[in-house]
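Start from the sequences, fold in the hints, and give me the full structure.
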Amino acid sequence: MRSGRVRAVDGVSLKVRAGEALGLVGESGCGKTTTGLAVMQLLPVGGRIVGGSIRLQGRELVGLREQELCQIRGAEVGMVFQDPQTSLNPTMRIGRQIAEAVWVHRGCSWRDASARALEVLELVGMPRPEERLEAYPHQLSGGLRQRVVIAMALACEPKLLIADEPTTALDVTIQAQILDLIDDLRQRLGMAVVLVTHDMGVIAGRTERTTVMYAGKVVEEAATDQLFRSPRHRYTEALLASVPRLDQPRGERLRAIPGLPPDLSKAFDGCRFAPRCPAAQADCLAGEPPLVPLGPALVACRHPVAPAEEEASSSEATRDGAPGAIPIESAVGAPGVAGDQVAVPAAAHGSAPGEQDGERATPLLELASVVKEYPLGGALRRGRGVVHAVSGVSLAVAPAEVVALVGESGCGKTTVGRLAVALEQPTRGTIRFEGADLGRLRGERRREARRRLQMMFQDPYSSLDPRMRVETILKEPLAIQGIGNRQERERRIRAILDEVGLPVTALDRYPHELSGGQRQRVGLARALVLEPSLIVADEPVSALDVSVQAQVLNLLAELQGRYRLAMVFVTHDLAVARFVADRVGVMYLGKLVEVGPAEEVFDRPAHPYTQALLDAVPQPDPARERRLERHHLQGELPSAVHPPSGCRFRTRCPRASERCAVEEPVLRAFGSRHVAACHTPLVPALGAPAGADGTTTSAAAGVSGAAGGPPGRP
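Taking the working numbering, the leading residue of the sequence shown gets 646, the next gets one more, and so forth.
It is worth saying that the hints were derived from the structure and are not from the lab.
Don't be surprised by glycine CBs; every beta carbon is placed ideally from N, CA and C.
You may find that some hints are simply not true.
[Claimed, not checked] Using 20 Å as the maximum straight-line C-alpha spacing, the simulated SDA-like pairs for lysine to any residue come out as follows: (1) LYS804 <-> LEU659; (2) LYS660 <-> LYS804; (3) LYS804 <-> ASP829; (4) LYS804 <-> ILE717; (5) LYS911 <-> LEU930; (6) LYS911 <-> GLY932; (7) LYS911 <-> GLU1158; (8) LYS660 <-> ARG831; (9) LYS804 <-> ARG700; (10) LYS804 <-> GLU665; (11) LYS660 <-> LEU930; (12) LYS804 <-> ARG854; (13) LYS911 <-> ARG693.
[Claimed, not checked] Derived Cβ-Cβ restraints for the label pairs, each shown as a range: (14) LYS660 <-> GLU802: 16 to 24 Å; (15) ILE694 <-> ARG1207: 26 to 34 Å; (16) ASP1153 <-> VAL749: 13 to 21 Å; (17) SER1317 <-> ARG1097: 45 to 53 Å; (18) GLU897 <-> PRO1148: 21 to 29 Å; (19) GLU1121 <-> TYR781: 50 to 58 Å; (20) SER658 <-> ARG773: 39 to 47 Å; (21) SER754 <-> ILE694: 30 to 38 Å; (22) LYS660 <-> ARG1207: 46 to 54 Å; (23) GLN893 <-> PRO920: 24 to 32 Å; (24) GLY691 <-> ALA924: 18 to 26 Å.
Below you can see the structure in the form of structure tokens.
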């Protein structure tokens, strides 16, 4: 860089044996991907290895000529890149891209290379592999593209596979399939795997050893079971505490890590984690701590976490009133510090207003039998069919209530969110906001409704104008709505910036000058600046590191409780949904298949699809992950142009019967506010044996929830 050099990886040492899976974890910017690229000698322009050794089966790789490296890449070392869309050639068919690697490295005929391409597509479980050979990358879903990238990496049977965040952008069900695939191939081919990820749940069930990196250095290495059971480095402990869990009690904050990783272009005088560490002391700044054996682990920390056995006895003493207990007030005084477990305001997770007294609150938002269809071919080529994005969804959201919509990509979650804030108009059905039909509002009434409905988009980088500074981005909505004068707008944006935890200096920055978490905070500030009644948050934390995700989720919960906001939270992460939501709606191929209170849906799911989603969620518990017998959902989501007859889930359901193909299930009650649409549910319906017919009044009320809205039909 013009300002100096960035030492992205600094003295990293690690080993991986044949047939072993090694996890490489840490936040973005800690050097994980650069370590993998260094092995492949594929560093970005300006990057180079300035010291150290990389050996593959005893052969030194550092210093080899490019021609020699080309013979190793793909043949002996394969790499699965994070984004398959950008790592595949958009102008070449899938079969040709895979065959090319075989043809180059094995020197065989093109016919044999093409036959090998088909063979590896079958090996990675590609549906209809013969057809996919002729497809282009853009014609495949994210999960199928990831399978193609894995097939390319495995085509020449490498000794080592480096998988760089192979499941980050995938749904939880596709993620489980891809990880199962890598596990199976590793065992069958005796291949070593380095799994690079920031998802601690993925690491828990898929690796034998784990290396934790921070700011370009290894800070801890141990057997995966040992590391999760008793982390010794403070950073490892903080990472594990930041992960949302399905079994986490509601109303409890995530233990976020304050701040961000350091600037690697600057020199360090001591421990690189010290500025963010709650246990840092003066000696932590006296030189960098060495990586030394500590029990069964290697740890670089002068004040490590006590072993799990000692902590357990210390906890017992604390419960008995012994000295050492940390008062809650200390955590309140320093929000975001690791170890903070302050209770979130009751409004953030509790029942909707009025429910404690058995009343039903007036609905803030109501969707009644909403249908949204998109014609194929655009406006000039109609008649080629339609995409059934949303098919008869009925849902109501009460004031101050948080409703999470979960399901795979392509199930209609985002479309429902866009319909709710009037960014899309329904093909059929009615959407009411504060009792008024959004489709019929005109003039000032429509303007006011749009002000009170706001949206947080999935990718803040693409939803923020790159040519505007943050100050202009936040002032623009106020100017459009004609709110306040110049001084009042200035005070308002400074106040909202403080609310979302950004410094005033951020006002002069452009979006590209902010981190991912900071950009998402700007997106939240823009949504809050107009003081809305309802926010639709579309996958607001899916692309964030686990530590930054925890900060943003805690912030959302606090502000939702403070402002009594209603929220529709769109996500495919069920652990996040459990943390934020009062109620959960499960969507499949445009329909709501299950709706109910979060605890009830997660603890006692009625629909097989809900259970399949829960089974696919990786948890940061190696013992649980390995003993749990999983039955992962197989196959891809059916086409929304020609959805299956009867129950749309039947083509992937292990409980499907002949009835499911001819009769569409209706929503039935499984609790006072819990409904599901299934002919063969996992638990008995209320007032009827399992699998019986009949829509009940309580079923309709369950879809509308506390709002008591329109009857619910699939």
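- Message: Taking the earlier hints as the rules, which of them does this structure contradict?
- Response: 11, 15, 16, 17, 19 and 24
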